[in-house]
Amino acid sequence: MLAAEDIDCYFVSPEGEVLQALDQVSLAVEDGEFVCVVGPSGCGKSTLLRVLGGLDAPSGGSVRLRPGLSVVPPVAFVFQDFGVLPWLTVRANAAFGLRMAGVGRRLSDRVADRWLGRVGLSEFADAYPGRLSGGMRQRLALARAFASGSPVLLMDEPLGALDPQTRVQMQEHLLELWQQEHKTVVMVTHSIDEALLLGDRVLVMSDRPGTVTDTITVPFPRPRTAGIQDTPAFARLRVRVRQALRGSRPGIPAQRTDGADARTDGGTE
Amino acid sequence: MSIRPQTGGEEAVHRAVRGARRDAARAAVLGLAVPLLLLSGWEAAARTGVVDALLFPPPSRIAAQLAAMTADGELGGHLAATLGRLLPGYVLGALAGALTGFAMGVSVTLRAALGPLFAALYCLPKIATLPLLLLVFGLGETPKVLAVAITVFFVTQINTLAGVRRIDTRVLETARSYGASGPRLLRFVLLPGAAPAILTGLRTAVGLAVVVVVAVEFVASDNGLGFLIWNSWTLFRPDRMYVGLVTVAVLGAVLSAALAVAERWLLPWQAARPPLFAPWRTLLRARTPRS
Ligand SMILES: Nc1ncnc2c1ncn2[C@@H]1O[C@H](COP(=O)(O)OP(=O)(O)OP(=O)(O)O)[C@@H](O)[C@H]1O
Ligand SMILES: [Mg+2]
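Listed in order, the protein sequences are those of chains C and V. Every letter in the first sequence is one number past the one before it in our numbering, and letter 206, counting from 1, is 206. Every letter in the second sequence is one number past the one before it in our numbering, and letter 100, counting from 1, is 100.
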């Protein structure tokens, strides 16, 4: 289980200005649960993930993570900007998490190759990431996170750099992978459809300082397929999340709300 | 996702390959033709008396002198003496510089303690320390090797430090998030991350090391290529002097080329980078309408 209580997060600029990124954020993620986080740009979603994963210490509040039994790192990140290591081959990048956990080269490579196959990068296993496109790098980052064997995945817009078609493909793929592997996932996304398709719950965050303003439980039974997106129930939930997002930004001129909305809805439609 | 072209695209592939080959061939021809042209101009000018052949002996005479000095082993002796100072000094300075730079890169304390000092010393012309070295170590080989080592040390240190400091923070963060630490962090992240900058430092250092070893041999040696050049001046033998100059130039070029090869071998991920500037031809072609 992954739980955060009353997380506050402040950043102090070199000029001494204080910026509050997170305000009293609490959440609890069950083992094997898939939680999606949506919210306007700059509201602190990435910051929340970093705090959950222990990369940043919160200014207040606490994070609890059930300690894993294995040698693998307790959480695996998929960063918004991929975090691919340019000097390692695609295979070595995919194997990175395991290598860092002390797993031998032969075994790590074997696991990495399997995951590269699953994200469609087998052909590039021996190439360096400099030759990959943005979407391919993102798939590599996904392969690395899954290959690491960590029970918890923290994903920051893992499909954000993909074109709509590939994105839909990868969503279905992710759905399948997760249904097989049953990882605990917290995923930030800008696409409402993606959040509803993949998540068990959708957390809606407010504009900065970010707080969780709404939690929407997604009732669709597992295993799901992409087909549920065409059902009326799905459409109703979509409206619900959209309204929650709109309501999460009080006091913002209508025009900007519309602009931000277009971005929030983008991706799968 | 195949990178193989569809049928009909084959011709385009051939054209691209041919274009790349032509670019490479053109670069090679230009690289050879320009020096050859300059040399033959010099030869003609010296023979016709346009330039004073006493000061600028024609290349053919220099070549003959070079052959003679190679045959009687004199040139080999000087070259060996210079290499005997250059190589140990270079290796010593490079190792110490890379280690120090690396340690300063990862340790805040070391950086605070040594940073300002090294920054100040960096600007000191290292050849100026030679008298001090001679004073301390006498007239043997040690001060000459050390003069080279000191020069190489500072260039390597400063580049290595910058290389470690400039590793992408996002990469470091990724490594941290996957629990990289200790020797694994060093091997998978810090060393390869700093490697390009270290090699840049090593390449700059080669040129400076050659300068310093020649300068040292000017004043404090009775053998070596520097001595050959200086001694030829005092004896007024420009042809011998040119032999020394040419040998130094070739030595520097060979060492730089060796490092360039090492670089390509050590940094395979950088090979994929496209050239900085597109050839002018492609830029020009883009403007002309296609038929
Ligand atoms: N290291 C940092 N130093 C200072 N301020 C920061 C830092 N990281 C984030 N912030 C600030 O915290 C706020 C939240 O940033 P964060 O990256 O979490 O937003 P986000 O919700 O992920 O946005 P996006 O959807 O655009 O990725 C922003 O205003 C940002 O400027
Ligand atoms: Mg973000």
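Read the hints as simulated data drawn from the structure, not as lab findings. Note that CB positions come from ideal geometry on N, CA and C, so glycine has one too. A hint or two may mislead.
What the hints assert, rightly or not - Pairwise CB distance ranges (calculated):
#1 C:E15 - V:V250: 28 to 36 Å
#2 V:V219 - C:A127: 48 to 56 Å
#3 C:L19 - V:Q270: 31 to 39 Å
#4 C:L19 - V:T142: 54 to 62 Å
Assessment of proposed distance window 54 to 62 Å (beta carbons of C:L19, V:T142): 58 Å, holds
Range agreement (Cβ of V:Q270 with Cβ of C:L19, hint 31 to 39 Å): 38 Å, holds
C:E15 paired with V:V250, Cβ distance criterion 28 to 36 Å: With a Cβ separation near 56 Å, C:E15 and V:V250 fall outside 28 to 36 Å, so the hint is violated.
Hint check for C:A127 and V:V219 - Cβ pair distance inside 48 to 56 Å: 53 Å, holds
In this structure, only the earlier hint numbered 1 is contradicted, and the remaining ones agree with it.
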